[in-house]
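Undergrad: What follows is each chain in one-letter form.
There are 2 protein chains.
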Amino acid sequence: MPPVRAIRSIVFALVAAFLTVSSQALAEGPIIHESETRRMQEVFADQWAADDKIVAEKLAALEAKFGQRPNIVYILADDIGYTELGSYGGGKIRGAPTESLDQMAEEGMRFLSFYSEVECSPSRAALLTGRRAFRTGVNDAVWPGMKGEGLVAEEKSLAAILSSAGYYTGHFGKWHLGGEEEHYPTNHGFDEAEWSEGNPPWWVFNRNAKGTDDVGGFTQRGGIMNHPGPEGFPYDTGGVMRAKKGEEPQIVYELSMEKYNTYDSEVADLAIDFIKRRAGSDQPFFLNVWGKGNHFWGAHPDFRDTPAQTNTAAQMVEHDYNVGRILQTLTEMGIAENTLVIWSSDNGPHYAFHPHGGYSLLPGGKGETLEGGVRVPSIAWWPGMIEAGQDPLDVVAIADWFTTMVRVADAMDEIPRDRVIDGVDQTSLLLMGEGKSCRDHMFYYAKGKLEAVRKDQVKMYMKPKNPNLKFVEVINLYHDPAERFGNEVENGLWAGAGLGRLIQEHLKQIEEYPVRKLQSYWPEFDRSFDPEATPVYKPKKQVEW
Amino acid sequence: MPPVRAIRSIVFALVAAFLTVSSQALAEGPIIHESETRRMQEVFADQWAADDKIVAEKLAALEAKFGQRPNIVYILADDIGYTELGSYGGGKIRGAPTESLDQMAEEGMRFLSFYSEVECSPSRAALLTGRRAFRTGVNDAVWPGMKGEGLVAEEKSLAAILSSAGYYTGHFGKWHLGGEEEHYPTNHGFDEAEWSEGNPPWWVFNRNAKGTDDVGGFTQRGGIMNHPGPEGFPYDTGGVMRAKKGEEPQIVYELSMEKYNTYDSEVADLAIDFIKRRAGSDQPFFLNVWGKGNHFWGAHPDFRDTPAQTNTAAQMVEHDYNVGRILQTLTEMGIAENTLVIWSSDNGPHYAFHPHGGYSLLPGGKGETLEGGVRVPSIAWWPGMIEAGQDPLDVVAIADWFTTMVRVADAMDEIPRDRVIDGVDQTSLLLMGEGKSCRDHMFYYAKGKLEAVRKDQVKMYMKPKNPNLKFVEVINLYHDPAERFGNEVENGLWAGAGLGRLIQEHLKQIEEYPVRKLQSYWPEFDRSFDPEATPVYKPKKQVEW
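Residue numbers (our numbering), protein chains in the order written: chain A, 1 to 545; chain B, 1 to 545.
Simulated from the structure, these hints should not be mistaken for lab results.
The model shown is predicted, which means the values in this text are computed figures rather than measured ones.
Some hints could be false.
The list cannot tell twin chains apart, which means a pair is met if one copy fits it or any two copies do.
To be verified - In silico DSS-like links for lysine-lysine, alpha-carbon gap of 30 Å or less:
#: 1; residue 1: 147; residue 2: 538
#: 2; residue 1: 53; residue 2: 92
#: 3; residue 1: 465; residue 2: 92
#: 4; residue 1: 455; residue 2: 92
#: 5; residue 1: 508; residue 2: 447
#: 6; residue 1: 65; residue 2: 455
#: 7; residue 1: 58; residue 2: 92
#: 8; residue 1: 541; residue 2: 53
#: 9; residue 1: 540; residue 2: 259
#: 10; residue 1: 147; residue 2: 465
#: 11; residue 1: 53; residue 2: 517
#: 12; residue 1: 147; residue 2: 53
Throw the hints in and build the complete structure from the sequences for me.
TA: Here you go:
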């Protein structure tokens, strides 16, 4: 075993030991929710208790029918903007019809005010912990090669909770929650996982990438191509890793340009295989299917011929097809009625890649707290349990899906009581319909900083965007979803006192429960980045004369 | 009879005499279409002839079933942006659910690339003549009090054509195609009409308006109110006019603030009454129902309590309700299957009235050739003839509905052959579905000037928007429907030659068939606008001391 591997093994063993201890400590008392949620819990105590009773009866009836708790599937798409799907006003308008996701929406529930975090890794952290990314310390998209940031052992993940509660758990696809052993999915409760090594698997960072790789021929209408950097640039990404809980992960294969292009469809194959293997079991399952994203590189050749002729359109159509395959498998295996499927994007479009990186008619993109950065599509599907064709306007946060999935698995006791849990249980919204969200507010964070807050229709920014104007922008999101008319007096004067209180209490709670601080750093590369070391280039063909 | 009325009568008689002569001259030869359409007609001659045969068979089968040609209803909404309806990604998101229009879309065909003209009067002119507004001389929203601009006698209107072809024709609501007798609907082929006097009926211009009128109490969340101007400002609007063909119109009542608020719903009552009166007749009918618009003033009190608490939301919900009532009446009278209903907006949102004047996630508004100004919603409904649930991406222009309605009425021979007709027959799109549009291009005109052109996915502006950058913006509308990335090289280099030819031929045709020039002017007001003449104000209550 090479020295690096040996050190990894030791770290891995220590982490595994710690997890075994920590997961045994079952918490007591009520969940510590974010302060505004706690206020709502008091105001709506009776109504929510009554709703909860109805929800409990529905879940009990289902369990009686199937003899086990429901399976749960989370499909996480990457960088899909609010208006990308047909059902959200996109689809063929963007040159990429999304028939499977539109059908999923028609048969299920489509959320009109769903909020992710601003970037990939933060959304993943919030989804798996029920805690807003700023509390977990995962404030950035973890960069390839970067260390020190990711899903740390002290965070108790959704998979760990569901696993403790008797679920069989699997993760397939992009992970992007840290590339160190502490961060691995199989160290966070997944019974089995296959994922891409070293944070985002983007081809540009791949150790096997060459500057002259043909990344799919998206020219002409699709715009000019971007290529990976010089050959051999020393990023620590490129392999596909596999492990079972308690085993050391192995790189099962290296990505090539071809394998990178077909990766998402192969992840779907793994997910389908998982469903087929587990469908007949007495044990319910939790399945995570996370895409590698609508970024420049990496569309399956079968899907490149869209009208838009962009990579994002090709990946959208490919992803849509794969979602359809997964739902079809659940139906064919006869477990659709006993499986909650949640699909969402992880953040808004990545315009640095335009036209190849997603799009939203809402303003702003990935990394920003403008609506386009965080208001993204999400769909829930559960035939027989979620009534078809619903499109609630209720505010929902990605952290809410954590608590909702835990509730559906009847594992609320496993949620830690020593930290703030932002995610609220949205099971009554799923099972009883519009108006039943336990949330009407949103705190917009980017890189760990509170930039704006929403309550009901009103969104207020914390600081003037234009320092010359000396007033903060206040938007009424019903009047102005694209945030063009940020007039403090017209839109916010009546709401000012309420917003002030809400922010004050939110910040006070953070003093009581401090956020996690992670210090990311760049390790020394095995091969240093030394321009002097570049070999002298000699053309293969030269004329002698 | 007062002198003004007497003069009007003489003008009216002359106009009527001219119309009688001109409408007898039945044209021969092919319709003279816009040059790019003519080119497409050559390229797709065989395909379009085959489609046309299928269309003719469908129409013949319907006529055999009902013993008459189909009725036609056009419902024109005012200033509704692309993303306002639920089915276009708006509705409840904007605090104004649009259930009837969404149902109309579900049961019919919703157009994703429908283009109006940039303003009210131009769209009305194009709809009624099949000619782009710049050819008819109606290049502006005709202003209250303005004369010399409107639908002139030399233009042959849709109603005149359908009337000649045996239809009974009626118009109800806003007219806004000129306030002089030459322009009146009953001088353009309508058998009966009731419309608002003197161009747009906006309350701010109404001779009965007072500066202190309560325009609906839209305060707080709805924003601060705007009031009409000083009392008695001498605009020539305020009455509701009624006439039958060949009769002199009478003002049947004066609008008050209350009657102004309920006007659109009363127009719907008139339309419903018309349908009920004409449903049993052997003669097919053409019915025009044109709303007064989503402007600041004038929402019916029954609809003000929307979540958005804006006038535009109230009017949207009111309009939606009235559309539902009209379609319900057609169904109840048993003539839905024999009635083509087309609904559309007339242009994009009017942001000067924000938050009370419509909205679009697309950029730009009324008056602009940015997509938001002209890409607006349109829906066609014809149970049994138009297959339910379709949403073609095909490019359609408002002038196309003229030719399509004429075709459906089997009156193509009535279309004049001495002028350019921009409207193409879209009956095969309606009856055969997506991909059957006879148009894939758009010329974007504002105030009579060509500002941009679209062919397929590509939109090119005629002049650099930013003169410092010295390049014209070229947008790929699939990649970038909100027109954020206007890169000439990336998006347009491959299309340049084709676009150049298309523009050149379009302009050459205008030399051959010159556009109409109308000279608008402001007449002397009966009461001149003289600040010196303002009476000295004395408060009613004064303290003597």
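Undergrad: For every hint, state whether the structure bears it out.
TA: Evaluation of the provided hints:
no., hint, verdict
1, 147 x 538, "neither (37 Å within a copy, 78 Å between copies)"
2, 53 x 92, "between (42 Å within a copy, 29 Å between copies)"
3, 465 x 92, "between (35 Å within a copy, 28 Å between copies)"
4, 455 x 92, "between (33 Å within a copy, 17 Å between copies)"
5, 508 x 447, "within (19 Å within a copy, 57 Å between copies)"
6, 65 x 455, "neither (40 Å within a copy, 57 Å between copies)"
7, 58 x 92, "between (37 Å within a copy, 28 Å between copies)"
8, 541 x 53, "neither (78 Å within a copy, 63 Å between copies)"
9, 540 x 259, "within (28 Å within a copy, 86 Å between copies)"
10, 147 x 465, "neither (33 Å within a copy, 46 Å between copies)"
11, 53 x 517, "neither (39 Å within a copy, 72 Å between copies)"
12, 147 x 53, "neither (45 Å within a copy, 69 Å between copies)"
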